[in-house]
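Counting from 1, position 52 in the sequence shown corresponds to residue 79 in our numbering; the numbering is continuous, with no gaps.
Warning: the hint list may mix true and false statements.
Listed next, the in silico DSS-like pairs over lysine-lysine satisfying Cα-Cα at most 30 Å (straight line) [unchecked claim]: (1) 137 x 102; (2) 74 x 57; (3) 137 x 38; (4) 101 x 38; (5) 91 x 101; (6) 137 x 74; (7) 74 x 38; (8) 102 x 38; (9) 101 x 137; (10) 74 x 102; (11) 38 x 91; (12) 102 x 57; (13) 91 x 74; (14) 74 x 101; (15) 137 x 91; (16) 101 x 57; (17) 57 x 91; (18) 102 x 91.
Read the hints as simulated data drawn from the structure, not as lab findings.
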Amino acid sequence: MRQIEWNDFLKVEIRTGRIIQAEVFEQARKPAYILHVDFGAELGIKKSSAQITQLYQPEQLVGKLVAAVVNFPKKQIGPIQSECLVTGFHNADGHVVLCVPDADVPLGTKLL
């Protein structure tokens, strides 16, 4: 594992957001959803493409808190621009499990 400096970590803005809309990303090459994530008044709502279709249905995602990187440049993914990276971990089957706070925190809270 490559080590980084503390200042490298400080550059990454990982914030809490709440999924307010999730829809099937019909044009994606691999099965994915388009997520609309609310990060509160400071950052607003951002879109993300997420390949999490194996473990989640769109209706299960609405209202869920997530941790996402919000300071990457926008990335064109098919017809949408992904504006944040919702984080997760691969389980033993290789499916993505979302990284979520285990209690309510204000939207936009930065990971320390």
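Going down the list of hints, with the structure as the test:
A distance of roughly 22 Å separates the Cα atoms of residue 137 and residue 102; the hinted pair therefore holds under the 30 Å criterion. Taking the CA atoms of residue 74 and residue 57, the gap is near 17 Å; set against the 30 Å cutoff, the hint holds. With a C-alpha separation of about 12 Å, the suggested pairing of residue 137 with residue 38 holds against the 30 Å cut-off. Under the criterion of a C-alpha separation no larger than 30 Å, the hint pairing residue 101 with residue 38 is consistent with the structure, at around 16 Å.
Between residue 91 and residue 101, the direct Cα distance comes to roughly 23 Å. Compliance with the 30 Å bound is thereby established for this hinted pair. As the CA atoms of residue 137 and residue 74 are separated by approximately 18 Å, the hinted pair is consistent with the 30 Å bound. Note on residue 74 and residue 38: the hinted pairing holds, with a Cα-Cα distance of about 21 Å set against a maximum of 30 Å. The suggested pairing of residue 102 with residue 38 holds, with an alpha-carbon distance near 18 Å, which does not exceed 30 Å.
Between residue 101 and residue 137 the CA atoms are separated by roughly 19 Å; this keeps the pair inside 30 Å, and the hint holds. Between the alpha carbons of residue 74 and residue 102 the distance comes to roughly 10 Å, so the proposed pair stays at or under 30 Å and holds. As the CA atoms of residue 38 and residue 91 are separated by approximately 25 Å, the hinted pair is consistent with the 30 Å bound. Note on residue 102 and residue 57: the hinted pairing holds, with a Cα-Cα distance of about 16 Å set against a maximum of 30 Å.
This hinted pair checks out: residue 91 and residue 74 have alpha carbons roughly 15 Å apart, not beyond 30 Å. Distance check on the hinted pair: residue 74 and residue 101 sit about 10 Å apart at the alpha-carbon level, within 30 Å; holds. With a C-alpha separation of about 17 Å, the suggested pair residue 137 and residue 91 falls inside the 30 Å cut-off, and the hint holds. With a C-alpha separation of about 19 Å, the suggested pairing of residue 101 with residue 57 holds against the 30 Å cut-off.
A hinted pair counts as satisfied when its Cα atoms are at most 30 Å apart, and residue 57 with residue 91 qualifies at roughly 23 Å. Under the criterion of a C-alpha separation no larger than 30 Å, the hint pairing residue 102 with residue 91 is consistent with the structure, at around 23 Å.
Hint violations for this structure: none, all hints satisfied.
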